Structures are given as C-alpha cells and as structure tokens.
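With chain A fixed as given, assemble chains B and C onto it according to the hints.
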Amino acid sequence: MRQIDRRKHALKTTLGEIASAVGGEIVGNRDLVITGINSLNDAGPSEISFFSNRRYQESLGKTCAGALMISHKTPLFKGPQVIVPNAELAYAKVAALLAPPVSRESGISQGAVIHQESVIGKGVTIYPMVFVGHGAEIGDETTLFPGVFVGEDVKIGKKCLIYPNVVIMNGCIIGNDVIIHPGSVIGGDGFGFVRDRAESVKIPQTGIVQIDDQVEIGSNNCIDRAALGKTWIKRGTKTDNLVHIAHNVVIGEDTIIVAQTGISGSCHIGREVVIAGQVGIIDHVEVGDRAMIGPQSGIAKAIPAGEVVSGSPAIPHRLWLKASALTSRLPEFNQRLRQWEKRIEVVERHPLYPSTSSPSEKAAEPRKE
Amino acid sequence: MRQIDRRKHALKTTLGEIASAVGGEIVGNRDLVITGINSLNDAGPSEISFFSNRRYQESLGKTCAGALMISHKTPLFKGPQVIVPNAELAYAKVAALLAPPVSRESGISQGAVIHQESVIGKGVTIYPMVFVGHGAEIGDETTLFPGVFVGEDVKIGKKCLIYPNVVIMNGCIIGNDVIIHPGSVIGGDGFGFVRDRAESVKIPQTGIVQIDDQVEIGSNNCIDRAALGKTWIKRGTKTDNLVHIAHNVVIGEDTIIVAQTGISGSCHIGREVVIAGQVGIIDHVEVGDRAMIGPQSGIAKAIPAGEVVSGSPAIPHRLWLKASALTSRLPEFNQRLRQWEKRIEVVERHPLYPSTSSPSEKAAEPRKE
Amino acid sequence: MRQIDRRKHALKTTLGEIASAVGGEIVGNRDLVITGINSLNDAGPSEISFFSNRRYQESLGKTCAGALMISHKTPLFKGPQVIVPNAELAYAKVAALLAPPVSRESGISQGAVIHQESVIGKGVTIYPMVFVGHGAEIGDETTLFPGVFVGEDVKIGKKCLIYPNVVIMNGCIIGNDVIIHPGSVIGGDGFGFVRDRAESVKIPQTGIVQIDDQVEIGSNNCIDRAALGKTWIKRGTKTDNLVHIAHNVVIGEDTIIVAQTGISGSCHIGREVVIAGQVGIIDHVEVGDRAMIGPQSGIAKAIPAGEVVSGSPAIPHRLWLKASALTSRLPEFNQRLRQWEKRIEVVERHPLYPSTSSPSEKAAEPRKE
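Residue numbers (my numbering), protein chains in the order written: chain A, 1 to 369; chain B, 1 to 369; chain C, 1 to 369.
In case anyone wonders, no lab produced these hints; they're calculated from the structure. Everything numeric in this text was worked out from a predicted model, so none of it was measured. Take these hints with a grain of salt, some might be off.
Subject to a maximum C-alpha distance of 25 Å in a straight line, what follows is the list of computed DSS-like cross-link-like pairs (lysine-lysine) [claimed, not checked]:
| # | chain 1 | residue 1 | chain 2 | residue 2 |
| --- | --- | --- | --- | --- |
| 1 | C | K12 | B | K202 |
| 2 | B | K73 | B | K62 |
| 3 | C | K159 | B | K202 |
| 4 | C | K230 | C | K202 |
Far from chain A by the CB rule (all over 12 Å, computed), these chain B residues [claimed, not checked]:
| # | residue |
| --- | --- |
| 5 | R30 |
| 6 | P80 |
| 7 | V124 |
Covered stretches of chain A, going by a simulated chain B footprint (3 or more residues, C-beta under 8 Å) [as the list claims (entries may be wrong)]:
| # | segment |
| --- | --- |
| 8 | 39-53 |
| 9 | 66-76 |
| 10 | 136-146 |
| 11 | 241-252 |
| 12 | 331-343 |
Glycine included, C-beta positions come from ideal geometry on N, C-alpha and C.
Next up, chain A with everything else stripped away, as it sits in the complex:
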C-alpha cells in the first residue's frame, strides 16, 4: 500500500467563502481568515462557531470565536456574523468543508486475501486482514478497512467506507456512498425457527440484505438476511449503534433509527420516519411515512403516516405525556379511592337512606379478581 498524505491538511478559507457555501449573509469583515469550526466554548479567534441551541445562550457573550453563524443577528456577539436560515445545517456544511477527508491509505494491501474471481474497481483501498470472497465486486474508490469480511457474490458500490471488522455475508448488495461503522454485521441469518414438539427446526435463510445509496449504518448493528427475498434499507436511511433489523424488514428512504432499537421480522417502515432509541417493534407491523416514535416505545400495531407516538404499548404522544405523568400518582389515586369509598358508605348508611346495600356489596368484590 502507498501511504497517502494523511495528516490534517492546513485548510484555510475566508468568511466570504463560508457565507457563499451556506447561502448566508455577512455582517462584518468578509475577508476574515477561518481555519476551523468549533463550539462556542472551545472556538479560538481563527475559528468560526455557530448558535443553534438556546441551551448555550450564555456562551454567546463569552466565546472567543472569530466569527459566528446564527439565524438572527445578535448583539451578544461582537465579531462578524453570518446570518443563515438554519445554523445547525450551516455548521454541518462548514464542518464538512473544513474537515480533512477520512484518513486512509491507498492501494490494495498484500496482506489482504482477495479471491481471484472477484472484481475490484478503480481507486479502491483494501487494507491488510481484509477477506474478499469469490464473485464479490467492489466499486470504484471504496475503502475496506482492516478486518472487513466480504462474502461470496457480495456487491459493494462506489465511494463506500466499510470500517474495521464489518462483516458482509454472502450475496448481500450495498449501494454507492454507503458508510458502515465498525463491527456491524450485514446478512447474518434471520432468526427463523419452527417448533417441532420441543425442538426448534431452523428455517434456512436464503434471502439477502440490500442496502441502497447514501445509507449510513452505525457500529455493531445486526441487519439480518431475509428468509426469502430481501431485507431492504432504502436510500439515505441512517442507523445509530447497536440497532437490530430482522429478516425481511423494509425501511423507506431517509429514515432515522436511533441506538439500540430493534425491528422485528417483516416490518415495513416508511420514509422519513424517526425512531428514537431503545424502541422495539414487533413483527409484521407497518409504520407510515414521517411517523415519529419516542424512546423506549413498544410498537405492537400499525402506526399511521405522520403519527407521533410514545410508550409501551405506544399511544399518541400527547396522551402519553399526560398518562405517564399520572402513573406516579397511582398511590395517591388508590388512597383517594379508599377514602371516598368510606365517604360514600357513610352517606349510604345514613338512616335517611333505604336499601342502597346492594351496590355496596358489589363494591367489595373486585379485589377478588
């Protein structure tokens, strides 16, 4: 392998160039030289910072940043400002502009094991300790970091970053510009067994996983191959760490799945859905486009498009906010119920009342259940 220039290149730009990259308007010196981007607390005079979260309002007056991106001009910051519609988006774009490219060597290592009947594109980087199986195809400019396993007949597109110790099992298909973080497993067997008396008989998992362009998979994910057909992650979807996606799941475009969520077999998740962390979704459920699911929710039935739900089992989010706040008041409710029972009994036992005894007897029963 050849060592390419991997050190941070000393990148310089001006505020004017930054403003035009993010479509912003400058208030102040457009020729200011900018060498980096940093948080309000940590930025120095040659760095630009950004304000997008009120949580950090008091840092605005104290920051040493040389310039600021913000959605409305602020009197709290004395230096030049770039007024942008979305300061967080501007931050993402400027950080990408200033960040060095992902550091990597170039060329194909002699220490990799690459099957002679595989197809390796132009500008591919393959580190040592990589295994590429029979019939695999690696697209142009893709990088396979050390410890990556590429099974037989796997197809990987162009400009992908497959980080260390990722496993892509036989037959799976990965699109272009896909990033897979370390330790993730693509195409392990789906969890399919049929009980034959006590014994669990394995259902062969003969399908694949297909991951489309611009998908990013977090670290130590498990995305299982389909029993038949394919498990399918569509364009632009992003998963966080330790996510489980079972066999035959289909996930639409631009969906966000936060850490430690599990999606059971044959679920269909729509596009632009947001699934928070530690959510569980049982099998064969449909989640509509742009639905939002709160953290730790348990989804046991279809969620219509655009719905916002929380809780386990999940209910509309606004109802959940009220209901979950009341859970802690159950001991109080219990006490109030007992006291009012006594108060009703006092009323009922009053000599003026005849024969209200029968409902009173009934009231003693429910505890039996």
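Just chains B and C now, with coordinates in the frame of chain A:
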C-alpha cells in the same frame, strides 16, 4: 485452501419426493418437477410455496407457484397441493432440502495462525486471519470463518459453523452442530466488581462458558464467562442478535431468546422457555420450564413453569393486556376522581347530613405525599 | 512471538497469608494450605470459600470447603474461618491473589501490521492480525490481542489489555491499566445529522474519545467520538456488555454502567453513579454524583446527586415501587370507579336531594376525550 464447488447446485426434485420428505398427502400431479421454494408472492411455476399465515390469504388466489403446501385443501389455489399437518414446519424442511449447503471453502489456510500445540480434526475448514491458541481443539468438519479468535484450551465440537469475527475466549467449550453468527463474543469477563469505598475492585472471572450441541447464537451476542464454574447454554437453545447473557447463567434445552434481551448474573432459565425481544431479567432469578415472557418485559422475581407474563415489572400476560390498555385512560380516571369528589362533597354538605366533615378533611391530605 | 509459561501455575498459599492479605482474623488453623477459591457448593478441602449472600445460607452447612471467609463467625461451618469486614471484597482480593495472570504470549508478532511511524513501548505484546496505524503509540506492557485495530494517532497507555477484535478509531486516547473486552468499538462516528428538507446531512464528527486510567469496557460496546472536542470516560468507570455511549458524553470517576444501557449525546454523568441494565438516557441530561438508576429506566431530565430513581419516565425509586405495583390493579380501579359512579348516582337521585343534577351531567363528559 482448495476451492470447493460453491455455486448453487441446480437442485431438482419432484412433488412426490417433497411430500414424502414432509409426510404430506398430494392432491394433484406427484411428478411435477420442483426447483425451489418461495413465498406466495414471489414463487414461479417451478417453485413450491406454502400457506401458514392468514395474513397472506389473498395471495393464495394470485400466486404463480407451481405447487402449494397447506394444512387443509383450498379451492383458492388451482395447482397441485401437498396437505401437511404444519405448513410452516414443512416449509422449513423443504427449504433445507432445496437450499445449497452453506458455501465454504475447504482446507486449512496458510493465512491462519494455528498454534502447533492445538488439535485440528478431519475435514476442518480454517479460513485466513483465524487465530487458534495453544491447547485448542477443533472437531471434525467444523468451519472457522475469517477473523475468528479461538483462545487457549478452547474445545469446539464437530460440524460447527463459527462465522466471521466471532471471539471464543480461553477455556470455553462448544458442543457439536453449534452455529455462532458473526461478531459474537463467548467468554468475555463477567461484570463482577466489589465496591471498596468508591473504587470498584475487579472480581477475577475464572470460570468458562459451556455451549451444548445444536445451540445457535445470533450476531453480536455477549455470553460472559462465569466468575467461578460455568455459564451454561444447554442443547438446542437459540438466541437472536445482540443478546447479553451474564456470568453463571444457566439456560435449559430448546429455549428461544429473541433479540436485545439481557439476562443478568446467576439466573436459571428453564427448558423450552420463550423470551421475547428487549426483555431484561435481574440477577439470581429462576424462570420455569416453558414459561413465556413478552417483549420489553422486566423480570424481577421468579416465573413459575408454564406462566405467561408481560410488562415491567412483569405480571400475568392477560392481566397486563387489561392493565396496559388502561394506562392511557389515567388522565380520564384523574378527571373522574376529581368530579366525584365534588359530587360527594355536594352530597355531604347537604343540610340533612350531620358531621361527615372528618373524612372530608382527611381527603385533603394525600396530595402531600 | 515467544510462548511464555501460560499454563495455570500451581499456586499455593496458607490461610495465614490469606488472612493478612484481606485484613481478616483467623478462627482455626492458620497453616492450612489453600490452593484455590470456589463457591460454597463447588469448593473442595484445599479450597477456601466465602459467605456474603444469605441466599446461600443453607450451603454453609453442606460445603466441603477447607476454610471460609465470613463477616461474623458461624456455627454452621466446622472448619477454620477468616473473619473479614466484607466477605465479597475479600473474595475479590483472594481470587486475584490465586488467579493466574491473564494468559498471553509475549513479543511482537510478524503477522501484525504495524506502521513504521508508530511508537511501541517496552514489553508490549502484539498478536498476529493486529493493525497499528500511522502515529499510534502503545504503552509499556500493553497487550493487543488478534484482530485489534488501532487507528492513526491513537495513544494507548501502559499495562492495558485490548482483547480480540476491538476497534479503536483514529485519534482516540486510552489511559493506563485499561481493559477493553472483545468487539468493542471506540471512536466510531457520533450519530449527528441535520435535516435539510427530507435529506439527513451528516455533521462531520471530528472529535475523539478519551478513556482514562483503570476504566474497563465490556464486550461489544460502542463509544462514539465527539462531534467537536471529546467523549470522555473518567478513571475507574466500568461498563458491562453492549453499552452505547454517544458523542460528547462525559462520565465521571468510578461509575458503573450495566449491560445494554444507552446514554445519548452530551449527557454529563457524575462520579460513582450506578446505572442498571437497559437504561436509556436522553441527550443533554445531567446525572449527579452517586445517583442510582434502576433497570430499564428512561431518564428524560436531570437527576440530582444521590437520588435513586426508577421507571420510564423515571421517578423516585420508593414512589416507583408503589406506583408500579399498582399498575396491575388498574382494571380493578376502573371497575371500582364505575361502581361508585353508580352509587353516587343512587344517592344523588334520592328524592330527598334537590338539584345535584348538574355535576352528574358533567360526569358523563370525560369519556369523550
């Protein structure tokens, strides 16, 4: 390593042979040639399909499948049918019959690092980038895929499939016909610390993990070695992805553990138990044979044999169904309680009633708690 | 690599030496030879055992152990006893005394790929199939097991154990005496995206992870690099398996994080905190020193120092114990509410009462909500 014939062998069979393999009865042409098995939606005229889930009833009339396995003859499908007691089990068996064997090379790679004081059985496949430590034993016809780590004194039985990047730490024992999916860690240290003032003092984890015959472990599992003695997964148990099994846990035969479940130290789980996804079980708990635990449940005390529980903390499943449905009605309950309080007060304040004031005063208290 | 003596050394000590190591007082023969430590059920006559959990009281009378460590002299055990303030801590110390050192070879394997511009300390062990990148530094007596990836500019301190298939990405800093169990990923990208209409625009994650001295990380953890600055795990903190720690999280000294817990971005966790298994903490939350969080809790707001909380959303633990026990009684509450509604109506409809009708009408409304 020698490259063995790894391409899908063009397998052909007849409906008659399939029927006798699954113990089914044919309605129609027993000489029909079958080349594969597929879902109702995707099967073609030379493929057999199956019907086991009412969810897919409407596909029955539309399928292009050449033949069908079903538990009762249906008029909706016009082609030959194989009547079987359990169509899903028949599917598993026929798929196994028609699936090519797991594709793998044969022989011992020069690119593996195998300690000279280890014992390698007959017909073993060891891929490059595998490490086999001092004193390890690998049984006949077992396959170690790239990136597998086999620690010192590990014993692995016959016909096992140890998938890429699996780690089996020193001294652990794996039975015959065991499958371990990629990235799983067998025999990492149990999480044992004793507080000595603020400091956490490590308790050496000197035990092992023992995994018995026909166990299948999903991807990225963590099964910890015992502090003393062994963590023990018995014959036929299957785990899904991202499962955590702590030190000194014992799991009985033929148990099913769905994805992202965590079982704390020293739990004893019975045989044929079904534990759904994202369940958490605290330490030292006993779960009886054939118990069933619903998704996301939290188990804090023993579950008797055969019980079906759900919820966190878990309660009998039928009670949980009712109770969890009512959680969303807590805001309504709260409102009703307030209104009835007023109604009782109206009654109590009625001039006909003397001295019901004392319970009324009491009723003002509980909010303080 | 040279093979060092890796077999269990036949270690022998006496009860007297054990007592002085743990600061205990001997009742019985101080010259008794001890060759190991084991549980009450499994210990033999040359082994010492310990009693720290009432759960195992009945084993006290039956054990074959040669000696016992216990906090108060017991008549149930006939052999010599070592009286110690904390029997579990004594067990940890004696087990460490008797345990062989972690078995490992010595030297630098020719089968590792180590960049020539890296710095390797004295007494370092590097197994085959390890990758060490440009600019990395490995401290004295640290061991890198097979399959470990050490990225560019990573600094690892002294006497660390980095177990198989651990991935440490570029620029991360690991202290001294750190243990990282197999499959963990340190420094994967944080999960940072900004929505630009439907599209998720990646925020470059240019920070690092810093792990301080004496930290122990379980198997298959994911600890993400900061967006800017660092994700920081301070001295003495221990994590169990499958833990997720997001970008820019700071965790104080001597904190304990049990398996499958997830901590979202920018959380600040104090020192000596105990976080049980499967807990989820949303982003930007502060958890105070010595707080304790029960299993499966969901933390959505700050937890003051020393607080003990449980539940999702979390509430004070004692309140949660009461409230969660009452959840299962919701069906009963519902029934009681309905019955008392009837009883109040009976009272209200009594001919002696005039005009209580208006609250009664109101009472019919809430169900509409």
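Verification of the supplied hints:
1. K12/C to K202/B: The given pair, whose Cα atoms are some 21 Å apart, holds under the 25 Å limit.
2. K73/B to K62/B: Since the Cα atoms of K73/B and K62/B sit roughly 16 Å apart, the hinted pair holds (cutoff 25 Å).
3. K159/C to K202/B: Status holds; Cα separation ~16 Å.
4. K230/C to K202/C: 18 Å, holds
5. R30: Given a closest Cβ separation of 24 Å, the condition holds.
6. P80: 20 Å, holds
7. V124: 18 Å, holds
8. 39-53: Since 0 is below three, the answer is violated.
9. 66-76: The restraint on the segment 66-76 of chain A is violated, since only 0 of its residues have a Cβ under 8 Å from chain B and three are required.
10. 136-146: violated (count 0)
11. 241-252: It holds: at least three residues are needed, and the segment 241-252 of chain A offers 3 whose Cβ sits within less than 8 Å of chain B.
12. 331-343: With 10 residues closer than 8 Å to chain B, the segment 331-343 of chain A meets the three-residue bar; holds.
Violation of the numbered hints given earlier is confined to hints 8, 9, 10; the remaining hints are satisfied by the structure.
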